[in-house]
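**Student:** Sequence:
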Amino acid sequence: MSFTSSTRLLYKFEATFHHMVRYYSSRRAILYVPGDDIRKLNKALSLDADCIVMDCEDGVATNRKEEARVTIRQWLDEGRASNSMSEWSVRVNSVESDLCKEDLQTVLGGANKPPTLLLPKVESKEHIQWHMGGCQKINLIMYIESARAVVNLPDICRTAEQLSSTAPLKPAALVFGSDDLCASLGVTRSDNGTEILYARQKLVLVAKAFHLQAIDMVHIHFKACASVLCFDNIPDLDGLQRQCEAGARMGYTGKQVIHPVQIPIVQQAFMPTAATVEWAEGLIAAFQEHQKLGKGAFVYKRSMIDMPLLRQAENIIKASSDPDNAGMCRPIVTKQGHHKAGKFWVLLPGCCSHDKATLTLVARKMQGAASDPSIQTLPGYELKESW
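To convert, note that position 170 of the sequence shown is 155 in our numbering; the numbers rise steadily by one, no gaps.
These are computed hints drawn from the structure, not numbers from a lab. It cannot be assumed that every hint is accurate.
What follows is a list of derived Cβ distance ranges for each label pair [to be verified]: (1) Asp43 - Glu146: 26 to 32 Å; (2) Val172 - Ala231: 14 to 20 Å; (3) Gly281 - His206: 35 to 41 Å; (4) Ala168 - Arg296: 23 to 29 Å; (5) Glu274 - Asn27: 32 to 38 Å.
Here are the simulated SDA-like pairs of lysine to any residue, each with C-alpha atoms no more than 20 Å apart in a straight line [to be verified]: (6) Lys193 - Asp223; (7) Lys110 - Gly64; (8) Lys303 - Arg287; (9) Lys28 - Thr47; (10) Lys86 - Val55; (11) Lys110 - Val55.
Every residue, glycine too, gets a C-beta built ideally from N, C-alpha and C.
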């Protein structure tokens, strides 16, 4: 495929967005839904994943690609997800597949645009240049799925960063495509993933260097089968939990999800615990006090504190309290449904699991909520004061 400036015309449509575009939105759980499957799209409206991906790529059969494009276009034009608190984005086909141009023409040709495009199999800076240069603001999530992509990763991110200063497509995240990478390497993926550990760690390192979110690999093991995008099988939740914890320790900010049952575990795993938030709050308070006294480095909880640790603490606080970043603790409501009220998000009971530490943190954050004018009680919704 040639990478010419004519492809820029694909982005030049006058239209409005069905969501306000945010450069850095919460993307702890990214759920893939086949773009040609209305039943699953409707079901996804009731799910609590941070990001819902309407898929034109791997989740759609070759002879159903046009159906997926048209369905997604109609879904966006009708504003079907306009009341959803999830980010509804679109994964197009790769540049090399020769299907990407048709995807963009259809998906971006309607009245409403998705806030984010996900680009699979990005292998070089030329793939990024192919997409850049339009005139509308859309977030860009790039998939790293081959040996060539891993080798070229810094160059890919550098090109995206440089072009974003003049182009409307803003790089937001990198996604680790482990299974395509294994195929590229000619290896079989094991449970512990040692054969792809280097690539998995490199993606986090480069993502952080370019201020991008890092989205971890899919946990594909199902008890019944390992069918991707199968909503009717029971996933291995224990294995998922272990993989989430490992990814979070590495520095990943979210994870790909292929089954709705996986969402609660993933959302919870990539959110700071109450103990971590308490540590961060104490560190920041101690730092501010030492600054008033004119002191630099100091000891907090038997550790020497410097600026990198302070920034880490600030990131933890931001992640625990800002719904537009890495997630927040969300109070529970007593009626089915979910909505945003003032600075707080409310969601249906049972939509995600909450441990005691998290509920304690939520309770602390909700203290004084009754007198806070920024919190509006929605009809039919009532915030619980205790659990």
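**Student:** The structure should be examined with respect to each hint, and the outcome stated for every one.
**Tutor:** Now the hints, each set against the structure:
Judged by the Cβ atoms, the range 26 to 32 Å given for Asp43 and Glu146 holds: they are separated by roughly 27 Å. Between Val172 and Ala231 the C-beta distance comes to about 19 Å, which sits within the given range of 14 to 20 Å. Between Gly281 and His206 the Cβ separation comes to about 49 Å, which falls outside the hinted range of 35 to 41 Å. The supplied range of 23 to 29 Å is broken by Ala168 and Arg296, whose beta-carbon atoms lie about 38 Å from each other.
Between Glu274 and Asn27, the C-beta spacing of about 53 Å breaks the proposed range 32 to 38 Å. Simply put, Lys193 and Asp223 have alpha-carbon atoms about 28 Å apart, too far for the 20 Å limit, and the pair is violated. Proximity of Lys110 to Gly64 is assessed by CA-CA distance (about 34 Å); at most 20 Å being required, the pair is judged violated. For the given pair, Lys303 sits about 24 Å from Arg287 by alpha-carbon distance, which is inconsistent with the 20 Å threshold.
Using a Cα cut-off of 20 Å, the hinted pair Lys28 and Thr47 is violated, with the two alpha carbons roughly 23 Å apart. For the hint pairing Lys86 with Val55, the CA-to-CA distance comes to about 14 Å; that is within 20 Å, so the pair holds. For the proposed pair Lys110 and Val55, the alpha carbon gap of about 29 Å is over 20 Å, so the pair is violated.
Taken one by one, the earlier hints fail for this structure at numbers 3, 4, 5, 6, 7, 8, 9 and 11, listed in ascending order.
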